[in-house]
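Novice: Each chain, written out:
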Amino acid sequence: MHELAITVIGPDRTGIVADVAEALAEVGANLTDSTMTRLRGHFAMTLICTGAGVEAASLALEPLDGVTTTVREVSQADAATNGEPWVVSVHGADRLGIVAAVARVVAAEGGNITDLSTRLTGTLYVLIAEIDLPAGASEELAERLAVAGAELGVEVTLRPAESELL
Amino acid sequence: MTEGRVRPVVTAPAAVLSTVGAEVDPTSPEVVQLAADLVATMRVSPGCVGLAAPQVGVGVQVFAVDVTGHPKAVTTHGAFVLCNAKIVEASRWKAGREGCMSVPDLTGDVKRAGRVMVEAVAPGTGEPVTLSTDAFEARALQHEIDHCAGKLFLDRVAGAHAIYQRRVYL
Ligand SMILES: [Zn+2]
Chain D
1 MHELAITVIG PDRTGIVADV AEALAEVGAN LTDSTMTRLR GHFAMTLICT
51 GAGVEAASLA LEPLDGVTTT VREVSQADAA TNGEPWVVSV HGADRLGIVA
101 AVARVVAAEG GNITDLSTRL TGTLYVLIAE IDLPAGASEE LAERLAVAGA
151 ELGVEVTLRP AESELL
Chain F
1001 MTEGRVRPVV TAPAAVLSTV GAEVDPTSPE VVQLAADLVA TMRVSPGCVG
1051 LAAPQVGVGV QVFAVDVTGH PKAVTTHGAF VLCNAKIVEA SRWKAGREGC
1101 MSVPDLTGDV KRAGRVMVEA VAPGTGEPVT LSTDAFEARA LQHEIDHCAG
1151 KLFLDRVAGA HAIYQRRVYL
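Just so you know, the sequences run in chain order D and F. Take 1 as the starting number for the first sequence in my numbering and just add one per residue. Take 1001 as the starting number for the second sequence in my numbering and just add one per residue.
To be clear, the hints were calculated from the coordinates, so they are not data collected in a lab. Take the hints with a grain of salt, since some may be wrong.
To be verified - Label pairs and their calculated CB-CB ranges: (1) D:Pro-11 with F:Thr-1002: 51 to 59 Å; (2) D:Leu-96 with F:Thr-1002: 40 to 48 Å; (3) F:Gly-1057 with D:Glu-140: 30 to 38 Å; (4) F:Glu-1089 with D:Gly-122: 35 to 43 Å; (5) D:Thr-81 with F:Arg-1005: 35 to 43 Å; (6) F:Ala-1090 with D:Thr-46: 36 to 44 Å; (7) D:Thr-32 with F:Gln-1165: 42 to 50 Å; (8) D:Thr-7 with F:Thr-1075: 44 to 52 Å; (9) D:Pro-134 with F:His-1077: 44 to 52 Å; (10) F:Trp-1093 with D:Asp-115: 19 to 27 Å; (11) F:Ala-1149 with D:Ile-113: 42 to 50 Å; (12) D:Pro-134 with F:Pro-1046: 46 to 54 Å; (13) D:Ala-93 with F:Pro-1046: 25 to 33 Å.
As the list claims (entries may be wrong) - The list that follows gives simulated cross-link-like pairs (lysine to aspartate or glutamate, DMTMM-like), each with its CA atoms no further than 25 Å apart: (14) F:Lys-1111 with D:Asp-115; (15) F:Lys-1086 with F:Asp-1025; (16) F:Lys-1094 with D:Asp-12; (17) F:Lys-1094 with D:Glu-130; (18) F:Lys-1151 with D:Glu-139; (19) F:Lys-1151 with D:Glu-130; (20) F:Lys-1111 with D:Glu-139; (21) F:Lys-1094 with D:Glu-162; (22) F:Lys-1151 with D:Asp-115.
Glycine included, C-beta positions come from ideal geometry on N, C-alpha and C.
Construct the entire structure; sequences and hints are all you get.
Specialist: Put into structure tokens, the structure is as follows:
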């Protein structure tokens, strides 16, 4: 079965999630996985839907005021991950290229970033990334991150993600 | 009794916050003054339940804690200052939200031990102190001991979605 990948971005306002969800429900699009957040006052939503075509979903979203939407068909992806879950924290003075440098180091060690958030508050830049890392790669990654952190003048920590089941 | 002076609190990114603090001679006059200053600064800072020397720009292992009256506190030891503190026992790990005067705009979910035993020395006398506590006081101790080791809560947050913009109510 095909899925739709949809993005909705625009200035945040009350009721925007309701508007998006309603518009999609009206054309039979079923929200499966979705994530929504506010980035400096911008509403940002990405979601996967099933049950509707690209055209129907696009038309349904078109009347929404002030938002930019994209709709595309994607083939069902393998959600399985292999590797061990780790968390990387980076914080320091804001400068160009922190995310790029850290992400490149993670990728070079075979680590896949599965979740990422960054925050700029004042001059403090904070990056938290969750990564899937091949078994046994953490030590080398920690060393390379330390080198990259020193070059960028930021603090970097790598630690195993907590994942107890209760 | 040394009179404490309020010192300015430094915020991230400041190098001193990410530097491992040096051990101190708890009987030295500078450390006694610092201890009093930490308490004085903590007192004038609304909502502040702990303050470590690196937060006032001094890279040493000294911190003040006072969780008296905090709704999440169970065991409390009032206001106190410890030097060269180490956690010797930790158990009952639990996630909780915490903030920091040196990271004023963010909070984060951090897993901390709900029960700890800490060994330290007291400023002034230099006497050894062993302190067992739990709940919020245990969390505060771990947060401050982290400061003394050059760590912020940002270095321990649970995941990408475990940091939050602090709401400001004016
Ligand atoms: Zn703090």
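Novice: Please go over all the hints and tell whether each is borne out by the structure.
Specialist: A quick look at each hint next to the structure:
One distance hint, 51 to 59 Å for the beta-carbon pair Pro-11 of chain D and Thr-1002 of chain F, holds here, with the actual separation near 54 Å. In this structure, Leu-96 of chain D and Thr-1002 of chain F meet the distance hint of 40 to 48 Å, their C-beta atoms being roughly 46 Å apart. The hinted window of 30 to 38 Å between Gly-1057 of chain F and Glu-140 of chain D holds, with their beta carbons roughly 35 Å apart. At about 37 Å, the CB distance of Glu-1089 of chain F to Gly-122 of chain D agrees with the hint of 35 to 43 Å.
A hinted range of 35 to 43 Å is violated for the C-beta pair Thr-81 of chain D and Arg-1005 of chain F, which are about 54 Å apart. Here the CB-CB span from Ala-1090 of chain F to Thr-46 of chain D is close to 39 Å, well matched to the stated 36 to 44 Å. For the pair Thr-32 of chain D and Gln-1165 of chain F, the beta carbons lie near 28 Å from each other, so the given range of 42 to 50 Å is not met. At about 50 Å, the beta-carbon gap between Thr-7 of chain D and Thr-1075 of chain F stays in the expected band of 44 to 52 Å.
With their beta carbons about 46 Å apart, Pro-134 of chain D and His-1077 of chain F fall inside the hinted range of 44 to 52 Å. The supplied range of 19 to 27 Å is met by Trp-1093 of chain F and Asp-115 of chain D, whose beta-carbon atoms lie about 22 Å from each other. Evaluation of the 42 to 50 Å hint for Ala-1149 of chain F and Ile-113 of chain D yields a failure: the beta carbon distance comes to about 27 Å. For the pair Pro-134 of chain D and Pro-1046 of chain F, the supplied restraint of 46 to 54 Å holds, since their beta-carbon distance comes to about 47 Å.
Distance hint for Ala-93 of chain D and Pro-1046 of chain F: a CB-CB separation of about 27 Å, consistent with the stated range 25 to 33 Å. In summary, the hint linking Lys-1111 of chain F to Asp-115 of chain D is supported, as the alpha carbons are separated by about 19 Å, within the 25 Å threshold. Straight-line distance between C-alpha atoms of Lys-1086 of chain F and Asp-1025 of chain F comes to about 15 Å, which keeps the hinted pair within the 25 Å bound. Simply put, Lys-1094 of chain F and Asp-12 of chain D have alpha-carbon atoms about 34 Å apart, too far for the 25 Å limit, and the pair is violated.
With a C-alpha separation of about 20 Å, the suggested pair Lys-1094 of chain F and Glu-130 of chain D falls inside the 25 Å cut-off, and the hint holds. Note on Lys-1151 of chain F and Glu-139 of chain D: the hinted pairing holds, with a Cα-Cα distance of about 20 Å set against a maximum of 25 Å. For a cut-off of 25 Å, the pair hint linking Lys-1151 of chain F to Glu-130 of chain D stands: about 19 Å separates their Cα positions. Under the criterion of a C-alpha separation no larger than 25 Å, the hint pairing Lys-1111 of chain F with Glu-139 of chain D is consistent with the structure, at around 23 Å.
Simply put, Lys-1094 of chain F and Glu-162 of chain D have alpha-carbon atoms about 11 Å apart, close enough for the 25 Å limit, and the pair holds. For the proposed pair Lys-1151 of chain F and Asp-115 of chain D, the alpha carbon gap of about 23 Å is at most 25 Å, so the pair holds.
Hints 5, 7, 11 and 16 from the earlier list are contradicted by this structure; the remaining hints agree with it.
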